[in-house]
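First to last, the protein sequences are chains C and L.
In this text, residue positions in the first sequence follow our numbering: the first is 1058, and each later residue adds one.
In this text, residue positions in the second sequence follow our numbering: the first is 91, and each later residue adds one.
Keep in mind that a hint or two might mislead.
[Stated by the list, open to error] Interface residues of chain C toward chain L, partial, derived using beta-carbon atoms under 10 Å:
| # | residue |
| --- | --- |
| 1 | Pro1071 |
| 2 | Gln1072 |
| 3 | Leu1182 |
It should be emphasised that the hints constitute simulated quantities derived from the structure, not laboratory data.
C-beta atoms are modelled at their ideal positions from N, C-alpha and C, and glycine is treated no differently.
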Amino acid sequence: MPIRTEPMTINLGPQHPSTHGVFRLRVTFDGEEILEVEPIFGYLHRGTEKLAEERNYVQIVTLTDRLDYVSSMINNQAYCIGVEKLLGVEVPLRGQYLRTITAELQRIASHLMGIGFFMQDLGTLGTPLMYCFRTRERILDLFEMLCGARVTVSYMRPGGVFADAPEDFWPALARFMEDWETEFGEIEQLILENEIVLMRCRGVSPLPLETAINCSVSGPVLRASGLAWDWRKMDPYDAYDKVEFDVPTATNGDNYDRFWVRIQEIHQSARIIRQCVEQIEPGEVRLKLPLVLRAEPGAEAYGRVEASKGELAFYLVSDGGISPYRCKIRSPSQINLTVTEHLLVGWKLADMIVTLGSLDINMGEVDR
Amino acid sequence: MSCHLAEGNILHDTLMYRVVYDFVCPVLPAWLSYLVAGLAIMIILVNMVLLGAAVFVWAERRLLGRFHNRIGPNRWGPFGLLQPIADLIKLLTKEDLTPANADRITFFAVPIVMVMPVILVLAVVPFAKDTALANLNVGVLYILAVTSLTSVAIFMAGWSSNNRYAMFGAIRGVAVLISYEVPVVLCLLGVVMVAGSMSLSGIVAAQTVPFLLVQPLALFVFLAGTSAELNRTPFDVAEAESELVAGFHIEYSGVKFALIQTAEIGGVLTACAVTATLFLGGWSGPAASYLGWLWFGIKVAIIAFIFVWVRATFPRLRIDQLMALAWKFLLPLSMINLLATTLEVYFLRSDQGVLSTNDLWIMSGINLVVAVTSIALFGILIRDKVRPSKPTIPAGAVAPAALGEVS
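Just chain C, same shape as in the assembly (with noise of 0.2 Å):
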C-alpha cells in the first residue's frame, strides 16, 4: 500500500535569504516535491513610474538607478536612449564610447552577482561570492572615479554622459583590464567544472525555447534556451555597431546553461571594452542641451536596450509639458519572472531557490 502524504503549503518570503529581495512565493509541497507555486510581487513598489511623471528628464535618471540597483548604468542608458528618440537628437561620438565601456562595465559587475549569489543559492559558504564581489569592487571603484557614486551612479544623461573621465581613469581601466581575468578565472576555476554544481544544475528546471518566446522572456534566460536575441546585435545602439562580438547561446535552458551564458557573456564583454578603448577619440561627451528638456506635444518614443537581465525600456509619451506624460518601464525581470511556474513545478524545493537564483532576479526592477 503506497504512504499517503499530505500536502503541505509553505510561504517562501518575503524575508527568506534566498528570494533575492522581498520576492514572495507561496508553494505546496508533496514532500520535497513542487506541486503548486503561486509567485507574489509588489513587496518594494515604490512607484517609479508616477513619480517619473512629476519630474523633469534630467532628474528621471535617479530615479532609473533604483530600479535595477545591480546594473544602474544600463538603466541610465535605456532611459537616455529613450528621451534622445522622443527629442530627435544625436549623441557625440566620444559620449556613445563611454557609455558602451560603462554599460559594458556594469554587465560583468551583474553578471558576477548573479553568479555569486546563484553559487550562494547553491549552498556553498561564501567562497564564490567573495571572490565574484572581489572583482566588482574594482569596477565600483573604476564607477566612483568618473562619477562619484559606486552604486547608483547617474552617469549618464540625455545627450550624453555627466562628465569626461578624469586623467587616471584611462589607466586604472587599463589596469582592470589586465587583471580581471585572473581574477576571474579563479572563480571559473572553483565552480565551472565543479562536480557537485554539475550534478545540481545540469538538465534541472530547462526552459523549452518555445514556452521562453511565448513568455517574451528575455536577455541570459532566453539565450540559454538556444535563441541568439541580442538587442546589441538586432538594433544596434550607442558603439555596438562599430565593435565585434559574439552573443553567447546554450542549448538546453538549464540552470546550467543560464549561469554558463553568464559566463560567456562576461568574456564578451571585456572584448566589447577593449575594442573601445582602442577605438575612442577625444570629443564632446555630452551634447548641448537646455536644462529643462521639452519634447513636442504627442511625441513617444520606446527606448530599448539590452540590459544584464534582458530587454530594458522606457516608453516615453510626452505632452509638451517639463516631464513626460507616461513613462513605462519594461522590465526584464519582471517578464523573466513569469516562466517560474513552466521551471519549478515538478522540481524539488532545493532546485527551485536555484532556479530562482539562474533567473537572476531583481525586485527593484520587479516591483519598479
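Knowing the structure of chain C, use the given hints to seat chain L on it.
Relative to the frame of chain C, chain L by itself:
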C-alpha cells in the same frame, strides 16, 4: 595518612580520575572522594567542550575569512580571540522566545538533548596516555550509540517548533542521519577488526602503523559520513541556509540557540577527536608519554582544518543525491573495505590472532590499491551520469529568422 585507588579498581587505569581521587582522598571519606573526583572530571570535560567550541568558532571564522578573501573577526582581543565570548554575550542577552503553540517541554529539552551526546562522546576519547575518563572496552560501540541520539534531538526540534521550515529540516536531518549511520558503522568495523579491540585506548595502542594508511577507504567513508551527520556543507541539507533559512533550529533564539550552536561546533571537535584517535594514532607520537596531548591536539587541528576547508569550498547536494551518495557510493565502498579487511586479517594474523607491524604494512599496501581503484571506479560510475556535454558559442549571432522556425 595517604590513600590511593587500589590497583585492581576499574578506575585505576584512568590517570585524570586517579590524580583527583588521590588529591581529595586524605580529607574526605572514600564514597565522597569517588563523587568529588567524578564531578571534577565532569566539569573538566564539559568545559573542555565549551572552550574547545569557542576556540573552534574563532578558528573557523578566521579561516573562512581567509578563504573568502577577507580578514575575519579581528577586533576583540589579540587576533580577535575574544570574539566567541562577545558572540556568547550577545546571544545570552537576546530574548529567549518560544513560538506560540509550540510543544513547550520538548522545545525546551532540545538544546540539552543536543549537547549531551557531544560531551558524552568525549568521555571515552583518550587525550593523552591513560587520560580517558572511562576506558570502556566497548568504546566504539558507545560512540556510535551516543551520537545517534542527535537524530532524536533534531526531530524533537522540528516537531516542537510548530514551524514548517523546522519540520522540513527535521525530516531531512533524520533521513540523512539514519542513512549515513550505516556506512559509518560498517567502515568502523574494519578498524575494530584490525585493532582487535573496541576500546579507544586499545585502538591507539594497536596503531603501530596509523590506520590512515591501513584503512584509507574507511577514513574516506568515515569523514564523508561524519560531515553528513554533523550537518556540514556539502551535506548540510537539514540546515540549508539558502533553502530552509536555518532548518530545524529556525525558532531557537538566545541561550537555546547558543547551546545548539555549541552542540554543533562541539560535535565537529568531537568528530575530529574520534577521527584522530581511530585513524591518526591518537596521542601516539615522539615522546608520547609527555607530549601525547600535543600530538593529539595537532592531529585534531589538522582534521578540523580539513572540515573547514571542505565547508568553504563545496556547494550543497540535493537531498536525493545525498541519499544516493550514502546508499550507492559510500555503502558499497565500506562493504568493499570490510571484505578486504576481513580477508587480510584472516590470512595474515598469527596463531594467537595478533597482527604484527609487518602485517599492517602489507595490509596498508593492499588497502591503498583497493581504495584508489574502488573510489575511482565508483567515481566514474557516478560521473558518467552527470558529466555534461558543453554548449558552444556560435560564430556570430543567429538571425531573427530563427523565430519563425520555433513558433
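Hint check, Gln1072(C) versus chain L [nearest Cβ-Cβ separation less than 10 Å]: 9 Å, holds
Satisfaction of the Leu1182(C) interface hint, Cβ to chain L closer than 10 Å: 6 Å, holds
Interface hint outcome for Pro1071(C) [beta carbon to chain L under 10 Å]: 13 Å, violated
Hint 1 from the earlier list is the only one contradicted by this structure; the remaining hints agree with it.
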